[in-house]
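Asks: What follows is the residue order along each chain.
There are 2 protein chains.
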Amino acid sequence: MAQLPTVEDVARVAQVSRQTVSNVLNSPAIVKDATRERVEAAIAQLRYRPHASARRLRTRKSSTIGIRLEPERNGISGSVLDTFLHALTEQADSRQMRVLLFTANDPLHEIDQIRRLRDGADVDAFVLTSTSYEDPRVAWLTQNEVPFVTFGRPWGHDDMSDPRHRWVDVDGRAGVREATENLLAQGITRVGYVGWPSGSGAGDDRHKGWVDAISAARLSTTGLSTSVVDGVSQGTEAARELLAGNTVDALVCASDSLALGARIAAASLGKDAMPIIGFDDTPVALAIGISSIQQPLAAVATAVLELLLGPTGNEVLPARAASEEPSYRLLAPRLVERRSSNLALDRTIGT
Amino acid sequence: MAQLPTVEDVARVAQVSRQTVSNVLNSPAIVKDATRERVEAAIAQLRYRPHASARRLRTRKSSTIGIRLEPERNGISGSVLDTFLHALTEQADSRQMRVLLFTANDPLHEIDQIRRLRDGADVDAFVLTSTSYEDPRVAWLTQNEVPFVTFGRPWGHDDMSDPRHRWVDVDGRAGVREATENLLAQGITRVGYVGWPSGSGAGDDRHKGWVDAISAARLSTTGLSTSVVDGVSQGTEAARELLAGNTVDALVCASDSLALGARIAAASLGKDAMPIIGFDDTPVALAIGISSIQQPLAAVATAVLELLLGPTGNEVLPARAASEEPSYRLLAPRLVERRSSNLALDRTIGT
Numbered sequence: 071m072a073q074l075p076t077v078e079d080v081a082r083v084a085q086v087s088r089q090t091v092s093n094v095l096n097s098p099a100i101v102k103d104a105t106r107e108r109v110e111a112a113i114a115q116l117r118y119r120p121h122a123s124a125r126r127l128r129t130r131k132s133s134t135i136g137i138r139l140e141p142e143r144n145g146i147s148g149s150v151l152d153t154f155l156h157a158l159t160e161q162a163d164s165r166q167m168r169v170l171l172f173t174a175n176d177p178l179h180e181i182d183q184i185r186r187l188r189d190g191a192d193v194d195a196f197v198l199t200s201t202s203y204e205d206p207r208v209a210w211l212t213q214n215e216v217p218f219v220t221f222g223r224p225w226g227h228d229d230m231s232d233p234r235h236r237w238v239d240v241d242g243r244a245g246v247r248e249a250t251e252n253l254l255a256q257g258i259t260r261v262g263y264v265g266w267p268s269g270s271g272a273g274d275d276r277h278k279g280w281v282d283a284i285s286a287a288r289l290s291t292t293g294l295s296t297s298v299v300d301g302v303s304q305g306t307e308a309a310r311e312l313l314a315g316n317t318v319d320a321l322v323c324a325s326d327s328l329a330l331g332a333r334i335a336a337a338s339l340g341k342d343a344m345p346i347i348g349f350d351d352t353p354v355a356l357a358i359g360i361s362s363i364q365q366p367l368a369a370v371a372t373a374v375l376e377l378l379l380g381p382t383g384n385e386v387l388p389a390r391a392a393s394e395e396p397s398y399r400l401l402a403p404r405l406v407e408r409r410s411s412n413l414a415l416d417r418t419i420g421t
Numbered sequence: 071m072a073q074l075p076t077v078e079d080v081a082r083v084a085q086v087s088r089q090t091v092s093n094v095l096n097s098p099a100i101v102k103d104a105t106r107e108r109v110e111a112a113i114a115q116l117r118y119r120p121h122a123s124a125r126r127l128r129t130r131k132s133s134t135i136g137i138r139l140e141p142e143r144n145g146i147s148g149s150v151l152d153t154f155l156h157a158l159t160e161q162a163d164s165r166q167m168r169v170l171l172f173t174a175n176d177p178l179h180e181i182d183q184i185r186r187l188r189d190g191a192d193v194d195a196f197v198l199t200s201t202s203y204e205d206p207r208v209a210w211l212t213q214n215e216v217p218f219v220t221f222g223r224p225w226g227h228d229d230m231s232d233p234r235h236r237w238v239d240v241d242g243r244a245g246v247r248e249a250t251e252n253l254l255a256q257g258i259t260r261v262g263y264v265g266w267p268s269g270s271g272a273g274d275d276r277h278k279g280w281v282d283a284i285s286a287a288r289l290s291t292t293g294l295s296t297s298v299v300d301g302v303s304q305g306t307e308a309a310r311e312l313l314a315g316n317t318v319d320a321l322v323c324a325s326d327s328l329a330l331g332a333r334i335a336a337a338s339l340g341k342d343a344m345p346i347i348g349f350d351d352t353p354v355a356l357a358i359g360i361s362s363i364q365q366p367l368a369a370v371a372t373a374v375l376e377l378l379l380g381p382t383g384n385e386v387l388p389a390r391a392a393s394e395e396p397s398y399r400l401l402a403p404r405l406v407e408r409r410s411s412n413l414a415l416d417r418t419i420g421t
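Just so you know, the sequences run in chain order A and B.
Those letters in the first sequence? Residues 71 to 421, by our numbering.
Those letters in the second sequence? Residues 71 to 421, by our numbering.
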């Protein structure tokens, strides 16, 4: 073929207008099936290639969402963000959006990367994960009017309902409360809690859920909870101390790492059947048979895209103004119950 | 600012040539630090923005590598590809390459997606994972001269050394052989194997490693191995059958899922201390304390980028011709030894 085929060539072969070809390429949903198929056949026959770079230069849209791939800090709960990334990529694809990954060593480096991608018109919007108190990335994006949504609420005092900060989060407090109430409803009155040191938004929130449930049942929280840095051996240590006093009959934990640690501590004290509930429903919880509070990650991805693109659109909405309505979604987690752990099971069979 | 700043403006402010500005933007490593800093200061001062779409249109390079995000099939071993993706994205970043994700339901859909990204000049090269016998994606990419590298060797008869197919893989056979020899060296002569049904490239390869080691030790393989579909309960079932005959004293498994299952089976028979070795060194193996064969995923990412970009370059090399030298890397895994599992540990303490 001497010359590359053009939109006009496709229109002529398919016997439609140039606009219809453009619609098939850009908004196929608005074209009648039969027409669309004819245009697609013509595109295939002529081997027509719309040049995305040219289109992006014209429209100044990249149809691309940028997301930082977090460093793998924690082998166990790291799977949550990977699962979210899977859901986001799959759903973005069905919205004709692509996902571009980048890495960064810290929030300031992340801002540099974001600036570079924004300046190059490589990315229309950003999704941020692992938000913190007074997150500098959020300040930068807001100030520069770059569209973004965070998975994780703004953990601050004044900005929870700042309309310029669209966010999606999972109600960890409600999840822990439900898990604790589930144990109380089984007649277990001494339900302990192993959490993280105070100061992290998610950790403080989950701890409150346990306090909510215990207080609502008019029970005392005294001596029933402890906090440690996340980790399996830390969970074992913390649970062993709580169990040594013989004051708890079940444990809710802020993570599956802690829950696995608690499970090991319980088994070492002959308490194989003691109910233990973790958080995040990771592959480890499934493999070991620990109940766990599951974040609805597919629904989080759906909500993130709805806040970025609207309910059905394929283009990123502009950054929001301070005068608009707040725009966020707080989703409920669910408790995945596993009646007996594999560890308990093997002992039952073995002895 | 009435008009957007240009490269010329930056060059004037920084008192360097236009070419030097271009070098700072495209090959900063070749510019002296002091000069680079002056140019960067000028870029910041003028808020100059190189327009990536324009640059890509001019050069027909996107500086982007496409990779399909695999659906999450297996919660336990799925972490391997996620870890690889992390390593690839981080290392690509330091080569000024970005990683674009896409999803696909099957290999033919993946080819559609690849074609779309290639036709739009969105992606310069592709990285394929989970290769299979006579992979249709490889055939399409080769035929269309699209640069690609597979993580996973071509599992076929004739095409293992086809220079048009650049690949990186981990020598699972050597890894299983080493793990088996490690057990034999401890004086354990009855080392069993739990693998996958024959027909999968990786599965058959790993099984051969076990046969290699047993045969080299002039021992018999008869009755010491079994094969099942991957999974924890399948591993428990398979190991229980092997252990029932009391013919094995240690087990090597084709995956951590099977190894966890085997660990549970062993514990249920009071064989807490029985050595069990898994494959992939997943978070589950770490959490439970199972020895495992670890794939060198950072080195795989390095090798993939070297085959795509050359040892130091920042641009994708052209697709290779059939007349060139074969280009592949087979990397050695390593055995991560864990002396006692958490399950054994808790029992030791508890009883």
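Be aware that a few hints might be false.
Copies of the same chain look alike in the list, so a pair counts if it works inside one copy or between any two.
[Claimed, not checked] In silico SDA-like pairs for lysine to any residue, Cα to Cα no more than 20 Å straight-line:
#	residue 1	residue 2
1	LYS278	ASN252
2	LYS102	LEU405
3	LYS278	ALA191
4	LYS278	PRO217
5	LYS278	ASP163
6	LYS102	SER397
7	LYS278	PRO381
8	LYS131	ALA191
9	LYS278	VAL77
10	LYS278	ALA389
11	LYS131	LEU170
12	LYS278	SER303
13	LYS102	THR212
14	LYS131	GLY190
15	LYS102	GLU140
16	LYS278	GLU107
17	LYS102	LEU254
18	LYS278	ALA104
19	LYS278	VAL83
20	LYS102	PRO217
21	LYS131	ARG188
22	LYS131	ASP189
23	LYS278	GLY148
24	LYS278	VAL216
25	LYS102	ASP319
26	LYS102	THR296
Worth flagging that the hints you see were computed from the coordinates, not collected in a lab.
Asks: Does each hint fit the structure? Answer for all of them.
Replies: Status of the hints after comparison with the structure:
1. LYS278 / ASN252: within (16 Å within a copy, 50 Å between copies)
2. LYS102 / LEU405: Neither. Shortest intra-copy (44 Å) and inter-copy (58 Å) distances fail the 20 Å Cα cut-off.
3. LYS278 / ALA191: neither (42 Å within a copy, 51 Å between copies)
4. LYS278 / PRO217: Neither. Shortest intra-copy (32 Å) and inter-copy (53 Å) distances fail the 20 Å Cα cut-off.
5. LYS278 / ASP163: Result: close neither inside a copy nor across copies, 37 Å intra and 40 Å inter.
6. LYS102 / SER397: neither (34 Å within a copy, 47 Å between copies)
7. LYS278 / PRO381: For LYS278 and PRO381, neither the intra-copy (33 Å) nor the inter-copy (53 Å) Cα distance is at most 20 Å.
8. LYS131 / ALA191: Classified as both: same-chain Cα gap 7 Å, cross-chain 15 Å, threshold 20 Å.
9. LYS278 / VAL77: This pair counts as neither: shortest intra-copy Cα distance 60 Å, inter-copy 55 Å.
10. LYS278 / ALA389: neither (33 Å within a copy, 57 Å between copies)
11. LYS131 / LEU170: Both ways: LYS131 and LEU170 sit 14 Å apart in one copy and 16 Å across, limit 20 Å.
12. LYS278 / SER303: neither (24 Å within a copy, 37 Å between copies)
13. LYS102 / THR212: Answer is neither; intra-copy 40 Å and inter-copy 35 Å both fail.
14. LYS131 / GLY190: both (11 Å within a copy, 14 Å between copies)
15. LYS102 / GLU140: neither (42 Å within a copy, 32 Å between copies)
16. LYS278 / GLU107: neither (56 Å within a copy, 49 Å between copies)
17. LYS102 / LEU254: Neither, since 57 Å and 67 Å both go past 20 Å.
18. LYS278 / ALA104: neither (57 Å within a copy, 53 Å between copies)
19. LYS278 / VAL83: neither (65 Å within a copy, 56 Å between copies)
20. LYS102 / PRO217: neither (32 Å within a copy, 36 Å between copies)
21. LYS131 / ARG188: Both. Shortest intra-copy (11 Å) and inter-copy (18 Å) distances satisfy the 20 Å Cα cut-off.
22. LYS131 / ASP189: Close inside one copy (12 Å) and across copies (18 Å); limit 20 Å.
23. LYS278 / GLY148: neither (23 Å within a copy, 33 Å between copies)
24. LYS278 / VAL216: neither (34 Å within a copy, 54 Å between copies)
25. LYS102 / ASP319: neither (63 Å within a copy, 66 Å between copies)
26. LYS102 / THR296: neither (62 Å within a copy, 54 Å between copies)
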